[in-house]
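> Sequence:
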Amino acid sequence: MKKYYVFGACLLFTSIFFFTNVSKEDNTPSDKSKTTVIQEDSSNWGFNAINYSKEKISDSKIKVAVLDSGIFPHNDLQGKIVKAYNTFNNQPLDDEYGHGTAVAGIITANDNDYGITGVSQNIELYNVKVLDKNGKGKVENLIKGIEWCIAERVDIINISFGVQVDDIQLKRTIEKAIKKGIIIVAAAGNTYGFGVDYPAKYENVISINSVNIKLKRTSSSAKGKIDFSAPGDRILTTSNNGKYEYFSGTSFSTAFATGIIARKLEKFGSIQSHSSYIDFMQIIRQSVIQKTPRKEYGYGILRIEEEE
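Quick note: the sequence shown, position 116, residue 127 per this note's numbering, numbers continuous.
Hints in this document: simulated from the structure, not taken from any laboratory. Any given hint might turn out to be false.
Stated by the list, open to error - Only pairs whose alpha carbons sit at most 25 Å apart, straight line, appear in this in silico DSS-like list of lysine-lysine: (1) K278 <-> K72; (2) K302 <-> K227; (3) K306 <-> K227; (4) K191 <-> K155; (5) K278 <-> K74; (6) K302 <-> K225; (7) K191 <-> K65; (8) K182 <-> K149; (9) K306 <-> K182; (10) K182 <-> K254; (11) K72 <-> K187; (12) K147 <-> K182; (13) K182 <-> K155; (14) K236 <-> K225; (15) K94 <-> K144; (16) K94 <-> K74; (17) K94 <-> K67; (18) K278 <-> K191; (19) K94 <-> K190; (20) K187 <-> K74; (21) K65 <-> K254; (22) K144 <-> K236; (23) K234 <-> K182; (24) K72 <-> K191; (25) K94 <-> K72.
Construct the complete structure from the given sequences, taking the supplied hints into account.
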């Protein structure tokens, strides 16, 4: 039996049907001085909150798959995408919705004296289209995307969307990926204090909640099985019009988390077994800003350590 649209991007909306609010403010810097302002002032507070610092460029890259609406060929993402897969058809991976482009920018926008700089530069992006032009997708698309990532042996899968209903085939595919040593980072969901979405709710999937500039849980985010929190309110990032816009929601806190985890994984090494996964999770927990209660913040707010 076919599975119809059951999940959508975790943005914040004014509509009661989709949870998102994307402000379309133009922030296109044209010189280096403006770049510095955008990266360091309150318009991009999230990078200050995670203790952002430039990392040493390495020949060893972390393979990060962004399962989303596609990624626009933005100037700040040039050279980042190494492979792409469209779960809908063999057509180009245009990002008409803009969600995937925004997520990718937070994770790894180029450090090029223009626009913004992503959390990690030592990343190879795998662009996997599982959401359509309306930000919706079927479970079968997500499953196909994860299966492709397993075959490509990626290190991290970023899933900035979710669904409130469990699916046994999705769960099995997630478990298969985890057994292969793939780290899955997923949005807890914009459920306004209700339960966490799937796949973030699954065991061993890293569930990410959203905090605001005061490092408080955003009112739109979830409660329940939370592993960590990260900035997710009015985050300036790349847009699918070639410029920069503000985005809010657990989608974007998940992108921050993926970038931070990639930096930590580069230092730690690949996940070879369940025991090494447990060890890696312990390393992540040691560098958080601790917050309570656990059902709102998880182990705390993710941050970058000085040497990373």
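> Against this structure, judge whether each hint is valid.
Against the structure, the hints:
1. K278 <-> K72: Cα-Cα ~11 Å, so holds.
2. K302 <-> K227: 9 Å, holds
3. K306 <-> K227: 13 Å, holds
4. K191 <-> K155: Cα-Cα ~16 Å, so holds.
5. K278 <-> K74: Holds - the C-alpha atoms of K74 and K278 are around 14 Å apart, at most 25 Å.
6. K302 <-> K225: 12 Å, holds
7. K191 <-> K65: 30 Å, violated
8. K182 <-> K149: 14 Å, holds
9. K306 <-> K182: 22 Å, holds
10. K182 <-> K254: 37 Å, violated
11. K72 <-> K187: Given pair K72, K187 holds - Cα atoms ~23 Å apart, limit 25 Å.
12. K147 <-> K182: 19 Å, holds
13. K182 <-> K155: 13 Å, holds
14. K236 <-> K225: 22 Å, holds
15. K94 <-> K144: 20 Å, holds
16. K94 <-> K74: 10 Å, holds
17. K94 <-> K67: The given pair, whose Cα atoms are some 24 Å apart, holds under the 25 Å limit.
18. K278 <-> K191: Holds - the C-alpha atoms of K191 and K278 are around 19 Å apart, at most 25 Å.
19. K94 <-> K190: 23 Å, holds
20. K187 <-> K74: Given that 25 Å is the threshold and the Cα spacing comes to 18 Å, the pair holds.
21. K65 <-> K254: The given pair, whose Cα atoms are some 23 Å apart, holds under the 25 Å limit.
22. K144 <-> K236: 30 Å, violated
23. K234 <-> K182: 21 Å, holds
24. K72 <-> K191: Between K72 and K191 the Cα gap is close to 18 Å, so the pair holds against 25 Å.
25. K94 <-> K72: OK: K94 and K72 at ~14 Å, within 25 Å.
Against the hints set out earlier in the document, violations occur for numbers 7, 10, 22.
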